[in-house]
Amino acid sequence: MPSITLATLQPGDIATIVSIHAEEALHQRLLALGFRSGKQIELVRRAAFSGPLQIRVGTTDVMLRHNEASKIKVCKGVAGT
Amino acid sequence: MKRIALLGMPNTGKSTLFNRMTGGAARVGNWPGITVELLSGKILLGADMVEIIDLPGIYDLHGFSDDEQVVRHFLHDNVPDLALVILNTTQIERQMSLLLQLKQLNMNLVVLLNMADEAKKFGISVDTAKMSALLEMPIFLLSAKYGSGYTEALQAITKALRYPTPGMAEQLRSQLEIDEHIETEMARVLKHSVQVPAQMSDNLTEKLDRAMLHPWLGLPIFFAVMYLLFQGIFFFGQPLQTGVATFFTWLREAMLVPLLGGAPQIVQGLLLDGIYNGVGTVAAFIPIIILFFLFMALVEDSGYLSRAAFLMDALMARLGLDGRGFVMMLMGFGCNVPALMGTRVMRSRAMRLLTMLVIPFSLCSARLQVFVFIAAALFSPKAAPVVLFTLYLFSFAAAILTALIFKHRFKNNEPFVLELPPYRFPTLRQMVLRGWLEVRHFLRRATKFIVAGVVLVWLLTHLPQSAAPASADTLAGMIGGALHPIFAPLGINEQLTIALIFGFVAKEIVIGALAVIYGLSGDSLSSAIGQQLDWVQAYSFMLFTLLYTPCLATIATLQNESKQLKFTALSLGWSLALAWLASFAFYQAARALGY
Numbered sequence: 001m002p003s004i005t006l007a008t009l010q011p012g013d014i015a016t017i018v019s020i021h022a023e024e025a026l027h028q029r030l031l032a033l034g035f036r037s038g039k040q041i042e043l044v045r046r047a048a049f050s051g052p053l054q055i056r057v058g059t060t061d062v063m064l065r066h067n068e069a070s071k072i073k074v075c076k077g078v079a080g081t
Numbered sequence: 001m002k003r004i005a006l007l008g009m010p011n012t013g014k015s016t017l018f019n020r021m022t023g024g025a026a027r028v029g030n031w032p033g034i035t036v037e038l039l040s041g042k043i044l045l046g047a048d049m050v051e052i053i054d055l056p057g058i059y060d061l062h063g064f065s066d067d068e069q070v071v072r073h074f075l076h077d078n079v080p081d082l083a084l085v086i087l088n089t090t091q092i093e094r095q096m097s098l099l100l101q102l103k104q105l106n107m108n109l110v111v112l113l114n115m116a117d118e119a120k121k122f123g124i125s126v127d128t129a130k131m132s133a134l135l136e137m138p139i140f141l142l143s144a145k146y147g148s149g150y151t152e153a154l155q156a157i158t159k160a161l162r163y164p165t166p167g168m169a170e171q172l173r174s175q176l177e178i179d180e181h182i183e184t185e186m187a188r189v190l191k192h193s194v195q196v197p198a199q200m201s202d203n204l205t206e207k208l209d210r211a212m213l214h215p216w217l218g219l220p221i222f223f224a225v226m227y228l229l230f231q232g233i234f235f236f237g238q239p240l241q242t243g244v245a246t247f248f249t250w251l252r253e254a255m256l257v258p259l260l261g262g263a264p265q266i267v268q269g270l271l272l273d274g275i276y277n278g279v280g281t282v283a284a285f286i287p288i289i290i291l292f293f294l295f296m297a298l299v300e301d302s303g304y305l306s307r308a309a310f311l312m313d314a315l316m317a318r319l320g321l322d323g324r325g326f327v328m329m330l331m332g333f334g335c336n337v338p339a340l341m342g343t344r345v346m347r348s349r350a351m352r353l354l355t356m357l358v359i360p361f362s363l364c365s366a367r368l369q370v371f372v373f374i375a376a377a378l379f380s381p382k383a384a385p386v387v388l389f390t391l392y393l394f395s396f397a398a399a400i401l402t403a404l405i406f407k408h409r410f411k412n413n414e415p416f417v418l419e420l421p422p423y424r425f426p427t428l429r430q431m432v433l434r435g436w437l438e439v440r441h442f443l444r445r446a447t448k449f450i451v452a453g454v455v456l457v458w459l460l461t462h463l464p465q466s467a468a469p470a471s472a473d474t475l476a477g478m479i480g481g482a483l484h485p486i487f488a489p490l491g492i493n494e495q496l497t498i499a500l501i502f503g504f505v506a507k508e509i510v511i512g513a514l515a516v517i518y519g520l521s522g523d524s525l526s527s528a529i530g531q532q533l534d535w536v537q538a539y540s541f542m543l544f545t546l547l548y549t550p551c552l553a554t555i556a557t558l559q560n561e562s563k564q565l566k567f568t569a570l571s572l573g574w575s576l577a578l579a580w581l582a583s584f585a586f587y588q589a590a591r592a593l594g595y
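Chain order of the listed sequences is A and B. Numbering of the first sequence is given in the numbering used here, commencing with residue 1 and proceeding in unit increments. Numbering of the second sequence is given in the numbering used here, commencing with residue 1 and proceeding in unit increments.
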């Protein structure tokens with residue numbers, strides 16, 4: 001399946017992280033919050049007026065702006081399927 | 001004295017545990033190697049007094065954020081006798097990484113798995129005995145909020161403190177770079193000691209979020225919550241403030257005036273109108289600050305503040321701010337001082353400073369008093385509300401303009417990723433403690449400054465002794481005269497200029513000052529002002545009052561919170577410049593149009 005960025009997912013979509021292309025500070029923060037390649041995530045909702053995204057990774061819900069989310073490559077669906 | 005450092009990620013209930021341990025007897029202090037102040041408290045453990053330090057929450061020991069650097073520098077220069085690591089049990093899967101990083105530093109560690117109550121609800125089970133054995137350190141489950149498991153943890157801490165403090169070897173620092181080891185170690189420990197259900201969901205949070213973060217309903221709900229909060233603070237705050245003021249007047253008339261009856265006029269004035277009124281000014285803030293932080297603790301600890309950030313982010317991101325800044329700005333419409341203190345939730349310094357630059361333009365309740373009085377004196381009952389409304393618009397416009405102008409100077413360079421924690425009920429204890437700590441912080445830092453300011457203004461308006469108070473012959477009058485060329489193009493006369501000098505102390509006293517300056521009060525004062533000024537001059541005066549420095553307490557708070565004289569001066573200078581420019585533009589334009 002071709003990989004897309006996290007920013008293009010729709011609410012309710014479940015995807016698997018393929019890779020993270022962020023500068024070091026953001027990369028480290030994402031790692032600490034549980035974002036790793038191979039990890040499954042869910043886009044819970046998008047805020048109005050092209051606001052931030054709510055993303056569930058493991059047991060943590062975080063909000064990401066478009067700019068940050070577009071640095072995370074994902075492929076739709078659960079890993080291995 | 002032995003030192004215990006509290007370490008953990010954000011949202012682990014670290015501060016709740018700190019408050020439970022120190023019982024609110026904490027104070028802020030400076031430490032070698034770092035520039036920010038940290039909360040610390042001394043408690044009796046076993047037979048010895050120990051000092052507990054609350055370090056900022058960090059995600060990663062090697063990170064680049066301000067907080068992560070603070071923690072690194074603190075540990076480097078002040079190796080604690082014991083590091084108490086607090087992990088959120090519901091997120092143990094990812095928080096273990098921080099623990100393993102700390103373990104490599106070879107410090108004395110005790111691990112507390114907090115929010116055990118929540119983890120149990122979610123079906124997460126932890127085998128602490130097994131985890132302890134695997135990691136070779138004492139590990140305890142507890143709930144800092146409700147206190148379960150707390151006694152056992154304290155005993156373990158007391159015991160661990162008996163071990164000698166290991167020195168942190170310099171070569172360990174370089175070893176810190178090797179993170180791959182941590183990943184495999186983390187997987188090993190988690191596999192053997194933790195069970196997390198495959199599908200984890202917090203039904204309550206899910207349901208609440210469906211309404212609170214609804215694409216259309218979210219914002220109306222947000223504004224309704226803010227409105228209630230605002231009304232709540234002032235519903236309870238106004239009578240309390242009046243009560244404090246009544247008490248101070250009573251004490252003055254019943255005790256101090258008779259006591260000082262024999263003293264010379266100038267001494268009486270200095271003590272009563274200077275120092276005593278200064279103390280009264282400070283005291284008037286106490287109920288508002290306590291209430292503000294009672295409610296703020298509710299909003300913050302319940303998890304709603306990060307939802308507000310989510311809802312307002314689309315707009316605020318364009319201004320270089322975040323949604324939490326918007327909440328503080330709204331609260332600033334009540335009183336700027338606690339709103340400025342509240343910006344502490346923002347962990348990026350640049351974003352926090354930008355928010356602090358914006359907040360003083362919020363039309364606070366003290367300024368509203370001035371505007372209501374002047375609008376009533378100069379405008380018809382029909383026009384007055386419209387005038388007030390335009391002032392609110394100017395207030396928002398000034399805030400937005402300031403953010404747009406300065407957002408590049410205070411550019412946030414920290415990654416913006418905010419956690420949305422599950423909704424929680426804060427305990428009353430947490431709320432009261434927060435209010436109490438904040439008010440003590442304010443009193444300790446701002447009292448001297450505010451009293452000194454009030455005394456100075458009293459001296460300016462009463463010296464030389466031969467002159468009538470606040471008249472043109474006093475120092476203030478002379479300053480007013482000297483400033484006249486600056487204020488004349490704004491349509492602000494000398495009497496009003498003196499009132500603006502008073503307004504520098506607090507907007508609450510502007511009307512009182514006008515009464516002294518004109519020698520009139522109440523209706524006769526408002527009709528005198530109504531006859532002397534036309535509406536263009538009055539509006540220009542209100543515009544200036546809206547935009548220039550709110551009050552001494554705000555300046556004191558700006559300085560306390562930023563710890564940077566340059567920043568305070570920038571805020572002061574910018575608001576004065578903006579006030580002058582806006583009034584000038586308005587006055588000259590109105591006159592040019594023939595009004």
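Errors might be hidden in some of the hints.
As the list claims (entries may be wrong) - Straight-line distance between alpha carbons at most 30 Å, and here's what the computed BS3-like set of lysine-lysine pairs gives:
| hint | chain 1 | residue 1 | chain 2 | residue 2 |
| --- | --- | --- | --- | --- |
| 1 | A | K76 | B | K191 |
| 2 | A | K73 | B | K121 |
| 3 | A | K73 | B | K120 |
| 4 | B | K191 | B | K407 |
| 5 | A | K76 | B | K207 |
| 6 | B | K130 | A | K71 |
| 7 | A | K39 | B | K407 |
| 8 | B | K448 | B | K411 |
| 9 | A | K71 | B | K448 |
| 10 | A | K39 | B | K130 |
| 11 | B | K2 | A | K71 |
| 12 | B | K120 | B | K103 |
| 13 | A | K76 | A | K39 |
| 14 | B | K207 | A | K39 |
| 15 | B | K563 | A | K39 |
| 16 | A | K39 | B | K191 |
Hint data in this document are derived by calculation from the structure and do not stem from the laboratory.
Hint check:
no. : hint            : result
1   : A:K76 x B:K191  : holds, 27 Å
2   : A:K73 x B:K121  : violated, 33 Å
3   : A:K73 x B:K120  : violated, 34 Å
4   : B:K191 x B:K407 : violated, 46 Å
5   : A:K76 x B:K207  : holds, 25 Å
6   : B:K130 x A:K71  : violated, 38 Å
7   : A:K39 x B:K407  : violated, 35 Å
8   : B:K448 x B:K411 : violated, 33 Å
9   : A:K71 x B:K448  : violated, 50 Å
10  : A:K39 x B:K130  : holds, 26 Å
11  : B:K2 x A:K71    : violated, 45 Å
12  : B:K120 x B:K103 : holds, 26 Å
13  : A:K76 x A:K39   : holds, 12 Å
14  : B:K207 x A:K39  : holds, 25 Å
15  : B:K563 x A:K39  : violated, 42 Å
16  : A:K39 x B:K191  : holds, 16 Å
Violated hints, listed in ascending order, are 2, 3, 4, 6, 7, 8, 9, 11 and 15; each of the other numbered hints is respected by the structure.
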